[in-house]
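Colleague: Sequence:
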Amino acid sequence: MKALIFKGKNKIEWTETTEPVIVKPTDIIVKIEGFTFSHADYRPYLGQDDSVALNTIMGHEGVGIVTAVGGSVINLRVGDRVAIGCITHCNICQWCLRKAFAKCVNGGFILGTKINGTHAEYVRIPYGDNSVIKISSTIKLADALMLSDVLPTAYENVIKKVDFQNINNIAIIGDGPIGLAVLLLINKYHKEVDVYGHHSRKLDYFEKLGAHKGYDSTKTSLNIKYDLVIECVGHDRGTFEQAQQMVNFNGTIITIGVFNKSVVFNLQQLWYQNITVHTGILNVYTLDELVTKIEAKEISPMQLVTKAFNKNQVLQAYEAFMDKDIFKVVVKL
1 MKALIFKGKN KIEWTETTEP VIVKPTDIIV KIEGFTFSHA DYRPYLGQDD
51 SVALNTIMGH EGVGIVTAVG GSVINLRVGD RVAIGCITHC NICQWCLRKA
101 FAKCVNGGFI LGTKINGTHA EYVRIPYGDN SVIKISSTIK LADALMLSDV
151 LPTAYENVIK KVDFQNINNI AIIGDGPIGL AVLLLINKYH KEVDVYGHHS
201 RKLDYFEKLG AHKGYDSTKT SLNIKYDLVI ECVGHDRGTF EQAQQMVNFN
251 GTIITIGVFN KSVVFNLQQL WYQNITVHTG ILNVYTLDEL VTKIEAKEIS
301 PMQLVTKAFN KNQVLQAYEA FMDKDIFKVV VKL
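Under the UniProt record's numbering, think of the first position of the sequence shown as 1, with each following residue one higher.
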C-alpha cells in the first residue's frame with residue numbers, strides 16, 4: 001500500500017510500505033476512503049515535536065471501510081463504513097470510565113504519533129469498537145471527515161459547556177478551521193458572533209457563513225465586550241491575553257487553542273469580573289450526536305473544506321493545507 005511517511009524535519013514521502021494486520025483481538029483494519037490534515041500533523045514536520053519516530057505513517061483523521069476485525073470486536077463487521085476518531089480508547093481504564101478518553105492509559109492521541117496513522121491506504125485501529133463510529137453511505141466524504149477531529153473539538157469544548165440562553169454576543173478569536181467549526185455549530189442559537197483574525201479572505205468567508213463581523217485583530221482595538229469569548233489559536237501569540245481584554249462582566253472564556261508556552265492570566269484585574277474560564281481537550285464522546293446532526297442536515301461540515309485532492313496529489317494537498325487561505329483539505333483515495 002501507499003502511505004504518507006514521516007522522514008524527518010521538512011521531509012515526508014508518499015511511498016509504498018507494508019499493509020497493517022490485526023495485532024490484538026480488539027483491532028480492526030480500515031481501508032481508507034479519504035483523509036484530511038490538521039495542524040498537529042505539521043508539528044513533527046516543522047521540527048516542533050520530536051516525539052514522533054522516523055518512518056511513522058502520519059495522520060489521525062480518516063474515513064473508510066472495515067476490511068478485517070479482531071476476534072474480540074463486537075459492534076463492527078467487515079464492510080462497515082466508519083469515521084475514525086482521532087482519540088483511540090480502551091473504554092475500561094480509570095480515565096475512560098470518566099469519559100476522559102484523551103487520557104486513556106492504553107490509547108489516547110496515538111494515531112500518527114505513537115503508532116501508524118490514517119494517511120495511508122489502510123490503517124490498523126486499536127480498540128475498534130470504541131475508536132470509530134459507523135456511518136451510512138449517504139454521508140458525503142467531506143462531511144464525514146470532519147467527524148474525526150475538528151467538528152467534535154468545537155462541539156465538545158463549546159456547545160457542551162455553554163448555556164447560550166443568557167449570552168447576547170460572542171467573539172471567536174482565530175480564523176482557522178476550529179473557529180469556523182465553532183461558528184457553524186453556534187449559528188443555530190442566532191447570537192451576534194464576531195470573528196477576530198488576520199486573513200482577510202478567511203474573515204470574508206466567516207461573514208458569508210453567518211458571522212456578524214470579521215475583524216483584523218492586528219488593526220482593531222479591543223473595546224467591545226463579549227459575554228462569551230472563544231480562543232481558537234493557542235501557542236504564544238497573545239490570544240489568551242486578548243480574550244481577557246474582551247470578556248464581559250459575568251462572561252466566559254473558552255480556550256481551545258494548544259499552548260506551547262506559559263501565558264499571562266491577569267487575575268488581579270479579572271477576579272471581580274466574575275468570569276468563568278474553560279479549557280479542554282477533545283475526547284470524541286459526541287460522535288453519535290454529530291452523525292445525527294449531519295444526517296438531519298442541521299449542520300454542513302463540508303463548508304470547512306476549501307480544496308479536494310486525489311491519491312496522486314497527496315504531497316500537493318499537504319503543501320496546500322499550509323496556505324494561509326485554506327481551512328481544510330480532503331484527499332480522496
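It cannot be assumed that every hint is accurate.
Unchecked claim - Here are the simulated lysine to any residue pairs, SDA-like style, with alpha carbons at most 20 angstroms apart: (1) 293 to 105; (2) 225 to 277; (3) 191 to 207; (4) 324 to 207; (5) 114 to 134; (6) 293 to 141; (7) 114 to 21; (8) 134 to 121; (9) 9 to 315; (10) 7 to 55; (11) 307 to 39; (12) 24 to 78; (13) 191 to 248; (14) 11 to 319; (15) 103 to 281; (16) 9 to 76; (17) 311 to 141; (18) 24 to 162; (19) 114 to 47; (20) 188 to 277; (21) 11 to 320; (22) 188 to 156; (23) 140 to 332; (24) 31 to 138; (25) 225 to 165; (26) 114 to 49; (27) 11 to 80; (28) 324 to 303; (29) 140 to 19; (30) 114 to 102; (31) 219 to 241; (32) 191 to 212.
Calculated directly from the structure, the hints in this document are not laboratory data.
Colleague: Run every hint past the structure and note whether it holds.
Modeller: Evaluation of the provided hints:
Between the alpha carbons of residue 293 and residue 105 the distance comes to roughly 31 angstroms, so the proposed pair goes past 20 angstroms and is violated. Taking the CA atoms of residue 225 and residue 277, the gap is near 16 angstroms; set against the 20 angstroms cutoff, the hint holds. Taking the CA atoms of residue 191 and residue 207, the gap is about 13 angstroms. The hint holds against a cut of 20 angstroms. A threshold of 20 angstroms between alpha carbons decides the hint, and for residue 324 with residue 207 the separation of about 17 angstroms falls inside it, so the pair holds.
At roughly 24 angstroms between alpha-carbon atoms, residue 114 and residue 134 are farther apart than 20 angstroms, so this suggested pair is violated. Simply put, residue 293 and residue 141 have alpha-carbon atoms about 15 angstroms apart, close enough for the 20 angstroms limit, and the pair holds. Between residue 114 and residue 21 the CA atoms are separated by roughly 17 angstroms; this keeps the pair inside 20 angstroms, and the hint holds. For the hint linking residue 134 to residue 121, the alpha-carbon distance of about 19 angstroms falls within 20 angstroms, and the restraint holds.
Of the pairs offered as hints, the one joining residue 9 and residue 315 holds, with about 15 angstroms between alpha carbons and a cut-off of 20 angstroms not exceeded. Among the hinted pairs, residue 7 with residue 55 is consistent with the structure: their alpha-carbon atoms are about 6 angstroms apart, no more than 20 angstroms. Between the alpha carbons of residue 307 and residue 39 the distance comes to roughly 16 angstroms, so the proposed pair stays at or under 20 angstroms and holds. This hinted pair checks out: residue 24 and residue 78 have alpha carbons roughly 16 angstroms apart, not beyond 20 angstroms.
Taking the CA atoms of residue 191 and residue 248, the gap is about 15 angstroms. The hint holds against a cut of 20 angstroms. With a C-alpha separation of about 12 angstroms, the suggested pair residue 11 and residue 319 falls inside the 20 angstroms cut-off, and the hint holds. The hinted pair formed by residue 103 and residue 281 meets the criterion: a straight-line CA distance of about 10 angstroms does not exceed 20 angstroms. The suggested pairing of residue 9 with residue 76 is violated, with an alpha-carbon distance near 38 angstroms, which exceeds 20 angstroms.
About 14 angstroms separates the Cα atoms of residue 311 and residue 141, which keeps this hinted pair within 20 angstroms; it holds. Distance check on the hinted pair: residue 24 and residue 162 sit about 39 angstroms apart at the alpha-carbon level, beyond 20 angstroms; violated. For the suggested pair residue 114 and residue 47, the alpha carbons sit about 16 angstroms apart, so the restraint of at most 20 angstroms is met. Between the alpha carbons of residue 188 and residue 277 the distance comes to roughly 23 angstroms, so the proposed pair goes past 20 angstroms and is violated.
Proximity of residue 11 to residue 320 is assessed by CA-CA distance (about 15 angstroms); at most 20 angstroms being required, the pair is judged to hold. With a CA separation close to 16 angstroms, the supplied pair residue 188 and residue 156 stays within the 20 angstroms bound. The suggested pairing of residue 140 with residue 332 holds, with an alpha-carbon distance near 11 angstroms, which does not exceed 20 angstroms. Simply put, residue 31 and residue 138 have alpha-carbon atoms about 18 angstroms apart, close enough for the 20 angstroms limit, and the pair holds.
Restraint check for residue 225 and residue 165: the C-alpha separation of about 18 angstroms stays at or below 20 angstroms, so the hint holds. Under the criterion of a C-alpha separation no larger than 20 angstroms, the hint pairing residue 114 with residue 49 is consistent with the structure, at around 12 angstroms. Between residue 11 and residue 80, the direct Cα distance comes to roughly 34 angstroms. Violation of the 20 angstroms bound is thereby established for this hinted pair. Distance hint between residue 324 and residue 303 is fulfilled; the C-alpha atoms sit about 17 angstroms from each other, no more than 20 angstroms.
Among the hinted pairs, residue 140 with residue 19 is inconsistent with the structure: their alpha-carbon atoms are about 26 angstroms apart, more than 20 angstroms. A hinted pair counts as satisfied when its Cα atoms are at most 20 angstroms apart, and residue 114 with residue 102 qualifies at roughly 14 angstroms. As the CA atoms of residue 219 and residue 241 are separated by approximately 16 angstroms, the hinted pair is consistent with the 20 angstroms bound. Taking the CA atoms of residue 191 and residue 212, the gap is near 9 angstroms; set against the 20 angstroms cutoff, the hint holds.
Of the numbered hints listed earlier, those contradicted by the structure are 1, 5, 16, 18, 20, 27 and 29.
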